[in-house]
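Chemist: Please take these sequences and the hints and turn them into a complete structure.
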Amino acid sequence: MTVKKINEWVEKLGLVPHPEGGYNRQTYISDTDVDVSGKAKKLYTSIYFLLTGINFIKDNYRYKSES
Numbered sequence: 001m002t003v004k005k006i007n008e009w010v011e012k013l014g015l016v017p018h019p020e021g022g023y024n025r026q027t028y029i030s031d032t033d034v035d036v037s038g039k040a041k042k043l044y045t046s047i048y049f050l051l052t053g054i055n056f057i058k059d060n061y062r063y064k065s066e067s
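The opening residue of the sequence shown carries number 1 in full-length UniProt numbering; numbering runs sequentially from there.
Just so you know, the hints here were simulated from the structure itself, not pulled from any lab data. Treat each hint with caution, since some may be false.
[To be verified] Have a look at the derived ranges for each label pair, beta carbon to beta carbon:
no., residue 1, residue 2, range
1, Val36, Glu8, 36 to 44 Å
2, Gly38, Pro17, 29 to 37 Å
3, Lys12, Thr45, 14 to 22 Å
4, Asp31, Gly53, 30 to 38 Å
5, Asp33, Thr2, 35 to 43 Å
6, Lys39, Val3, 35 to 43 Å
7, Lys5, Val34, 35 to 43 Å
8, Asp35, Thr2, 41 to 49 Å
Bear in mind that the values here come from a model prediction, so they are computed numbers and not experimental data. Backbone N, C-alpha and C define an ideal beta-carbon position, used for all residues, glycine too.
Modeler: Okay, structure coming up:
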């Protein structure tokens, strides 16, 4: 993807730079909390993300269910 195309998507979706690379924006946060090991966490959230380089793609970005 070209830098121009990246910038177009960033602007169109209102993305912000992620500290580890790429861009993201949280689009929804659930009103419902659940207890996870004694901590209140939101039931779910939704995000947009745009990966812009191979260095950003790591195993720790493969989220596992907390159920």
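Chemist: Take the C-beta atom of Lys12 and the C-beta atom of Thr45, compute their distance, and say whether it sits inside 14 to 22 Å.
Modeler: With Cβ atoms ~21 Å apart, the hint holds.
Chemist: Holds or violated: 30 to 38 Å for the Cβ distance of Asp31 and Gly53?
Modeler: The hinted range 30 to 38 Å holds for Asp31 and Gly53, with Cβ atoms some 35 Å apart.
Chemist: Starting from the range 36 to 44 Å, see whether the pair Val36 and Glu8 falls in it by beta-carbon distance.
Modeler: At roughly 38 Å between Cβ atoms, Glu8 and Val36 fall inside 36 to 44 Å, so the hint holds.
Chemist: With 35 to 43 Å as the target window, see if Lys5 and Val34 comply at their CB atoms.
Modeler: Since Lys5 and Val34 have Cβ atoms about 38 Å apart, the given range 35 to 43 Å holds.
Chemist: Assuming the hint says 29 to 37 Å, is it satisfied by the Cβ distance from Gly38 to Pro17 or not?
Modeler: 33 Å, holds
Chemist: CB of Asp35 to CB of Thr2, is that within 41 to 49 Å?
Modeler: 46 Å, holds
Chemist: Confirm or reject the claim that Lys39 and Val3 have a C-beta distance inside 35 to 43 Å.
Modeler: For Lys39 and Val3 the Cβ distance comes to about 40 Å; the hint holds.
Chemist: Does the Cβ distance between Asp33 and Thr2 fall inside 35 to 43 Å?
Modeler: 42 Å, holds
Of the hints listed earlier, there is not a single one the structure fails to meet.
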